[in-house]
Amino acid sequence: MDLDLSPVEPFRAEVRDWLRRNVPATPLPSLETEAGFAAHRAWERTLAAARLSVVSWPEEYGGRGASPLEWLVFEEEYYAAGAPGRVSQNGINLLALTLFAHGTPGQLGRVLPPMAAGEVIWAQAWSEPGAGSDLAALRATATRADGGWRLNGQKTWSSRAAFADRAFGLFRSGPAAERHRGLTYLMFPLDADGVTVRPVGRLDGRPAFAELFLDDVFVPDRDVIGEPGQGWTVAMSTAGNERGLTLRSPGRFLAAADRLVALWRAHGADPLLRDRVADAWIKARAYRLKGFETISRADDAGAEASVNKVFWSELDVELHETALDILGADAELDGDWLEGYVFSLAGPIYAGTNEIQRNLIAERVLGLPREARR
Amino acid sequence: MRFVLDTEQRLLGDTLHGLLTKAGTPALIRRWAAGDHDRTLWSALGETGVFALAVPERHGGAGPLPVELVVAAHELGRHAAPGPIVETLAAAALLDGSAAAGPAAEWLPRIAAGQAVVSLGSPGRIRRALDADAADLILLADGEHLFSAVPEGPAVRALDPARRLFPVRQVERLATGPAVPRAAATAYDLAALACAAQLLGLGRALLDVTVKYARTRRQFGRPIGEFQAVKHHLANALTGLEFARPLAYGAALSFGSPDFPRDVSAAKAAASDAAYATARTALQVHGAIGYTDEYDPSLWIRKVRALRSAWGTPADHRARVLAAVPEVRGESPR
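From first to last, the protein sequence lines stand for chains A and L.
When you line the first sequence up against UniProt numbering, it's residues 1 to 374, in that order.
When you line the second sequence up against UniProt numbering, it's residues 1 to 334, in that order.
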């Protein structure tokens, strides 16, 4: 057992140096606004030009074949440098990993390079008005058509969809009664004929997600991921990634926790808030070390990922709540900590609510009996 | 970088688990609480090399081996093994580092071999010596002085019946000088780390026994483990323990670096919270039976409450962590 990071220090130094020279001196506008989205897209292009947008991908798709440890180190440096949020994250952390597992060589070659370059920004299209925690209740359909499929129905809470280019999601291509069976995983353009995007304001009013209305939207066969009818299995491999290490790397919490300590000190180091500040810092360290453990075991999927998801999403809320409490009466004013707080509040809800995750932990890790279903 | 236990480290844990399972600790804990200080288990632990982990080679030990110490303390906690084990491990570091050549040469080989039971105290920090009536040696570290000590009066009644706490008074000076507080600081940190590992083991055992109970105990015609309210308590307990464990091993790996005290404190605060929350869940899920003296897991529940505040409270350790966090540039979360 060791924590020897010296082999990756040259890589860390290179990343740190590049970030010091390139991270914008003034923060970009919120990425959940039209202007901010464009600015963040431009930043993705800058990252890509330095081959830093998707370091862990193979070189042929725009990455540099970085090891999991190098990726964790990249993330630590990225957030420590105060670099902009990643507008591409749904694509690079979710869809791309699904494609690596289930995509055809043609799909990889067609989809990944523009994703890496920030040319195509992806939104996810999972939830529906009647299918939230119970995702398998989804009703939007994919019907066979000449050379492809026709999509119909409604998707909702589609993150980034207000300004994104394309989306990926699950559609019912078999009888509704089959629940997890008869689903197909498809990619589709958000500017296609028959797609209506209605931006939805999140808690702070910014259009961070959207409703999608699909009316006979044509999708060619080449944009089906995996086998038709096998979409649930394909999607669940993404769900493991989303809940685990890849979506919310330790680096972002380490950086936020360091800044929380600085904020606390700058506001007089109130002893009444000391335990909460310390706890956020300790938990960020715990998540970092858990990450090292996870990549040492080389399995970041399944029910273990649920333990991660509960932990980081609640840490994120607690950390930002503490920051707002330090800010006192100014906490309600627009600013970086408030935006981080609003963002954090979604964490225990998306990617499977924490209640669903706790059921999974109890049943699949601890071996408690499944609830008798009606 | 490979942040998982290697084969030999896992084997040490498995060996101790086997030994302690066979020893049947619940009965030993009750006998220890009644004043029966039989040393069969202590000697067996010595033969397995547990105490040698804190004693340097020149005094007949194999240490210091902090990762192995965490592995061992985790298993000792898992079985709630009685006796001043952490105190004896800390005493080894204290004797070794205090420039007390005579006492070190006399006691360290005996500690390493499992032939000496040692307790200790330190004014302000460790106010009462654990199991002082069972100890061959009691150390008292006070500023620049290291003393031997004797119990002063009977044990103070405490929640965990197997933790017999005695006020002590100094009798003979063993060493004086700046090495003493330095050694005492290292001993304190090692003890806090071992205590954190014990808490993780106690928590793990309580989670396991409570999951087992929830799978078999039936109410309303079904196992209570089917109910989400119960499931979520247990999932939370697991999550807390899973994220406290890497802090303990991370701290062990920073032994000897300036970060060691900070990392120990992070581990102790997190392990205390995780184990305590698990103990509360164990009590709640078991219901009234868990609240009884005669039900064995109650021994674990009481020990968790005691160790949560032993070797520094969570608040003490959180304060120590924050004092050690370096300044960063900004205070904005970008």
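One or more of the hints may lead you astray.
As the list claims (entries may be wrong) - Within a straight-line C-alpha distance of at most 25 Å, the following computed SDA-like cross-link-like pairs (lysine to any residue) qualify:
(1) L:Lys22 x L:Pro56
(2) L:Lys212 x L:Arg302
(3) L:Lys212 x L:Gly46
(4) L:Lys212 x A:Arg110
(5) L:Lys212 x A:Asp134
(6) L:Lys212 x L:Ala185
(7) L:Lys212 x A:Glu34
(8) L:Lys212 x L:Arg10
(9) L:Lys212 x A:Glu363
(10) L:Lys212 x L:Pro26
(11) L:Lys212 x A:Pro369
(12) L:Lys212 x A:Tyr61
(13) L:Lys212 x L:Gly24
(14) L:Lys212 x L:Ala113
(15) L:Lys212 x L:Asp293
(16) L:Lys212 x L:Leu283
(17) L:Lys212 x A:Glu371
(18) L:Lys212 x L:Pro223
(19) L:Lys22 x L:Ala229
(20) L:Lys22 x L:Arg10
(21) L:Lys22 x L:Gly102
Stated by the list, open to error - With the Cβ distance kept under 10 Å, some of the chain A side facing chain L (calculated, not the full set):
(22) Met1
(23) Glu314
(24) Val317
Everything labelled a hint here was simulated from the structure, so no lab data went into it.
Glycine included, C-beta positions come from ideal geometry on N, C-alpha and C.
Comparing the hints with the structure gives:
1. L:Lys22 x L:Pro56: At roughly 29 Å apart (the allowed maximum being 25 Å), Pro56 (chain L) and Lys22 (chain L) break the hint.
2. L:Lys212 x L:Arg302: holds (20 Å)
3. L:Lys212 x L:Gly46: violated (32 Å)
4. L:Lys212 x A:Arg110: violated (51 Å)
5. L:Lys212 x A:Asp134: Since the Cα atoms of Lys212 (chain L) and Asp134 (chain A) sit roughly 29 Å apart, the hinted pair is violated (cutoff 25 Å).
6. L:Lys212 x L:Ala185: violated (41 Å)
7. L:Lys212 x A:Glu34: Roughly 54 Å between the alpha carbons, so the hint for Lys212 (chain L) and Glu34 (chain A) is violated.
8. L:Lys212 x L:Arg10: With Cα atoms ~24 Å apart, Lys212 (chain L) and Arg10 (chain L) stay inside 25 Å; holds.
9. L:Lys212 x A:Glu363: holds (13 Å)
10. L:Lys212 x L:Pro26: holds (18 Å)
11. L:Lys212 x A:Pro369: Holds - the C-alpha atoms of Pro369 (chain A) and Lys212 (chain L) are around 11 Å apart, at most 25 Å.
12. L:Lys212 x A:Tyr61: violated (49 Å)
13. L:Lys212 x L:Gly24: Holds - the C-alpha atoms of Gly24 (chain L) and Lys212 (chain L) are around 19 Å apart, at most 25 Å.
14. L:Lys212 x L:Ala113: Measuring from Cα to Cα gives roughly 37 Å; hence the hint is violated.
15. L:Lys212 x L:Asp293: Answer holds: Lys212 (chain L) to Asp293 (chain L) is near 20 Å, not above 25 Å.
16. L:Lys212 x L:Leu283: It holds: about 14 Å lies between the C-alpha atoms, which stays within 25 Å.
17. L:Lys212 x A:Glu371: It holds: about 16 Å lies between the C-alpha atoms, which stays within 25 Å.
18. L:Lys212 x L:Pro223: Within the cut-off at roughly 10 Å; holds.
19. L:Lys22 x L:Ala229: Violated - the C-alpha atoms of Ala229 (chain L) and Lys22 (chain L) are around 35 Å apart, more than 25 Å.
20. L:Lys22 x L:Arg10: Holds, because 18 Å separates the two Cα atoms, which is no more than 25 Å.
21. L:Lys22 x L:Gly102: Outside the cut-off at roughly 38 Å; violated.
22. Met1: Holds: closest Cβ of chain L sits about 5 Å from Met1 (chain A), inside 10 Å.
23. Glu314: holds (9 Å)
24. Val317: violated (13 Å)
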